[in-house]
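S.K.: Sequence:
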Amino acid sequence: MAAGYLANLAGNTIEVRSAGSAPAESINPKVFKAMLEEGIDLTDQRPKILTNDVVQASDVVITMGCGDVCPVFPGKRFLDWQFEDPAGQGLDARRPIRDEIRRRVETLIKEPQQPRINRWATPTSMPSLTNKCVS
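Just so it is clear: in the sequence shown, position 114 is 114 by full-length UniProt numbering, and no numbers are missing.
Careful, some of the hints might be misleading.
Derived DMTMM-like pairs: lysine to aspartate or glutamate, alpha-carbon spacing no greater than 25 Å straight-line [stated by the list, open to error]:
1) Lys48 to Asp85
2) Lys76 to Glu15
3) Lys110 to Glu38
4) Lys33 to Glu100
5) Lys76 to Asp92
6) Lys48 to Asp59
7) Lys110 to Asp41
8) Lys48 to Asp80
9) Lys76 to Asp53
10) Lys110 to Asp59
11) Lys110 to Asp92
12) Lys76 to Glu106
13) Lys48 to Glu38
14) Lys48 to Glu100
15) Lys48 to Glu37
16) Lys33 to Glu111
17) Lys76 to Asp41
18) Lys110 to Glu100
For the record, the hints were derived by calculation from the structure and aren't laboratory data. These numbers were taken from a predicted model, which means no experiment stands behind them.
Build the full structure now, drawing on both the sequences and the hints.
M.R.: Shown next, in the form of structure tokens:
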């Protein structure tokens, strides 16, 4: 979700990368539908594995439930966004999470002290929110 919003709201000013610590085969259909309601089509997106290279090539790393699994490198800005895991719940449980992710992404993009950020990684391990890959 965060990667979808970053790509959509920041345009060409940010190079967005999305990866998960244990990505599924495809994006969770409920996440896909929740983002489509926002006008963001994730059809061309596929879950990818988080690698050290992805984190090292990023200026800002947003994690969501990654814990000790995500690699940490000095000099990188890490943001850990905590959300309730909506496992086993429907679309209605994902909408408030989606909306909060959008709010945080909008706030991050507007930060005056941030230079033009050109790389992001958004790993997660919350399977029901993003099927183990931020989307």
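S.K.: Against which earlier hints does the structure fall short, listed by number upward?
M.R.: 5, 11, 16 and 17
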